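Here the protein sequences come in this chain order: A and B.
Numbering-wise (this note's numbering), the first sequence opens with residue -5 and increments by one.
Numbering-wise (this note's numbering), the second sequence opens with residue 17 and increments by one.
Some clues are possibly wrong.
Restricting the straight-line Cα-Cα distance to at most 25 Å, the calculated cross-link-like pairs of lysine-lysine (BS3-like) are [unchecked claim]: (1) A:Lys15 with A:Lys103; (2) A:Lys85 with A:Lys118; (3) B:Lys338 with A:Lys116; (4) A:Lys116 with A:Lys85; (5) B:Lys338 with A:Lys103; (6) A:Lys85 with A:Lys103; (7) A:Lys50 with A:Lys116; (8) A:Lys103 with B:Lys20; (9) A:Lys116 with B:Lys20; (10) A:Lys116 with A:Lys191; (11) B:Lys20 with A:Lys118; (12) A:Lys118 with B:Lys210.
Bear in mind the hints are in silico, worked out from the structure with no lab data behind them.
Keep in mind that this is a model prediction, so the values were computed, not measured.
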Amino acid sequence: MSAHGSILYLDSVSVSFDGFKALNNLSLILQPGEMRAIIGPNGAGKTTMMDVITGKTRPDTGDVIFDSNHDLIQMDEAAIAELGIGRKFQKPTVFEHHTVEDNLYLSLKGGRGVFFALLADKTKEISERIESLFETIRLGSLRHELAGNLSHGQKQWLEIGMLLAQDPKLLLVDEPVAGMTDAETVETANLLREINKTHSVVVVEHDMTFVRDLDVKVTVLHEGSVLADGPLDKVSADERVIEVYLGR
Amino acid sequence: MISKFILRGLDGRLTAFLIAALAYVVLIAIGNLFIPEGSFLHVPTYAVSLMGKYLCYALLALSVDLVWGFAGVLSLGHGAFFALGGYAMGMYLMRQIGTRGVYADPTLPDFMVFLNYKELPWFWYGFDMFWFAAIMVVLAPATLAFVFGWLAFRSRVTGVYLSIITQAMTFALLLAFFRNDMGFGGNNGLTDFKDILGFDIQSDGTRMGLFAASALALCLGLIICKAVVASKLGKVLVAVRDAESRTRFLGYRVEHYKLFVWTLSAALAGIAGALYVPQVGIINPGEFAPANSIEMVIWVAVGGRGTLYGPILGAILVNGAKTYFTGAIPEIWLFALGALFVGVTLFLPKGVLGLYGMLRQRFEKTRAPRETKRTADPVSQPSEAE
Ligand SMILES: Nc1ncnc2c1ncn2[C@@H]1O[C@H](COP(=O)(O)OP(=O)(O)O)[C@@H](O)[C@H]1O
Ligand SMILES: [Mg+2]
């Protein structure tokens, strides 16, 4: 395997917390434009993998390369975000004391410097971009509502909107349908497929119906490394996968 | 560009505040300078200076609120910035004394002659000029804040740990300034000032001028803080306060944002200290005492954190009460302050201003019971204490 031509490349990444290996020689490669679903039992290391990619956790060993040639291990969170990696957290994290609109405003791609922000103006162009985001995530009627007052599912969508606002090359989406109704889950799958037309995406999810709706290659994590990968039908027929995960 | 930036914060409420402040200063000036003594409406000069002192405290509280209320940085060391601004002003005032001191040395302040200094220490150079002192009033606290903040925020020290090291910072300065060989008058500090910019510091006119200058500084400070808070930078600060790591994942360098607002806040505190010193007539190391810095936080909490106006109100209310209690029943004061803080934390988590907002909301609700109330104030109160 080589990082060349890939959007994301993890090679033998290991992370341990007090001797416990959360990631154990994890390798994974994602092609530009690809969407990948990551499944695996609780504690398999899915969130930790996202922490490593986004600079929150530094791996003990291994390489993490973005877009063929950016070594992410040396960078901090802000630098990695600037490179074009956006993340939605497992627990929806929005700015509760800001309005829905301001949550998007703060996320919009553009200058991140202190003095830029001090003098920045909400131009017409910015308002138009926010409008088009509202068309996608359908929270326009709640634009002046404080984000803290949204329902769980609405927060999930707002966070996806914030991710889109950043316009990253790669989106990392951690458990996007947790706490959603069946109808919302279906819509979220549609939304992610729509997003995938222009972005590379990694989705972590437990919900099998949702993963089936996504209809993409699946990677199964177990105890910090890859147990199996391939189409959902193939991995769900795998003996080892059934044992650790599906057959629980 | 600058005017547009300032105008952003200039809403109806701020305009009303500025007009009220102007009216207040004019009324006090008339009452002090033009209404004869003995009249019921006469405002004695000691009262003018007392109010001037409160206004300095109000500016100080405003500076604490800027970092605590909006960026979630709870400083327990803002007294250090206040005192440094005060010392810079005090040094200017000392050098104005000249040959009128007890030892009549044209350059050396009395305490230096007393301690056998042969010549002026290098860091006292330039303080005979007002403009230089005025720059140092801002530069000294801002530089300390910048260096301290750069180290602390870069290492991601937050929460209680940050509060503790700010307290350690002011305590270290307290000990340093107590020493005679620091060259700042040791234990006694700087005092016996004679005049400022050529005006007799004891005269009614000068006292009135200092009071007006304090009111002006408070208004300018408020305009700046409002403009900062209303800008996109202000929104980023609130985002940092509520979800710091989320903000980082959006690509914001949180440490830079904190450093900016922290340094600005220290500069405002320094200006407050500089205006305070000529009105109280002394600056000594006691101003660095950790308890002072804690008191400032209480003013902010009492008035209402994260509101800018609340801390101004809080500083004036608490210090008004302090003046009354320490005069009437001095034994009670510390207990009253403690009880006030506990009471506010328990019953008024959003301070006095929050109480007002709550009452108004309730009133509006009874008037229009079916109307859904949804005011989204982007700078509303943080829910949990840092
Ligand atoms: N900061 C941490 N400190 C200690 N252990 C951690 C930390 N983060 C994750 N872990 C552990 O690592 C394992 C993997 O966690 P995680 O990546 O959150 O799993 P998943 O997202 O797949 O459910 C879990 O056993 C978890 O307890
Ligand atoms: Mg997880």
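Taking the hints in turn, this is what the structure says about them:
Proposed proximity of A:Lys15 and A:Lys103 is contradicted: the alpha carbons are some 36 Å apart, above 25 Å. Under the criterion of a C-alpha separation no larger than 25 Å, the hint pairing A:Lys85 with A:Lys118 is inconsistent with the structure, at around 33 Å. A hinted pair counts as satisfied when its Cα atoms are at most 25 Å apart, and B:Lys338 with A:Lys116 does not qualify at roughly 45 Å. This hinted pair does not check out: A:Lys116 and A:Lys85 have alpha carbons roughly 29 Å apart, beyond 25 Å.
A C-alpha spacing of about 50 Å is found between B:Lys338 and A:Lys103, which places the hinted pair above 25 Å, so the restraint is violated. At most 25 Å may separate the alpha-carbon atoms for a hinted pair to count; A:Lys85 and A:Lys103 meet this at roughly 23 Å. For the proposed pair A:Lys50 and A:Lys116, the alpha carbon gap of about 30 Å is over 25 Å, so the pair is violated. For the suggested pair A:Lys103 and B:Lys20, the alpha carbons sit about 23 Å apart, so the restraint of at most 25 Å is met.
With a C-alpha separation of about 13 Å, the suggested pair A:Lys116 and B:Lys20 falls inside the 25 Å cut-off, and the hint holds. Between A:Lys116 and A:Lys191 the CA atoms are separated by roughly 28 Å; this puts the pair beyond 25 Å, and the hint is violated. Restraint check: the Cα-Cα separation between B:Lys20 and A:Lys118 comes to about 17 Å, which is no more than 25 Å; the hinted pair holds. For the given pair, A:Lys118 sits about 58 Å from B:Lys210 by alpha-carbon distance, which is inconsistent with the 25 Å threshold.
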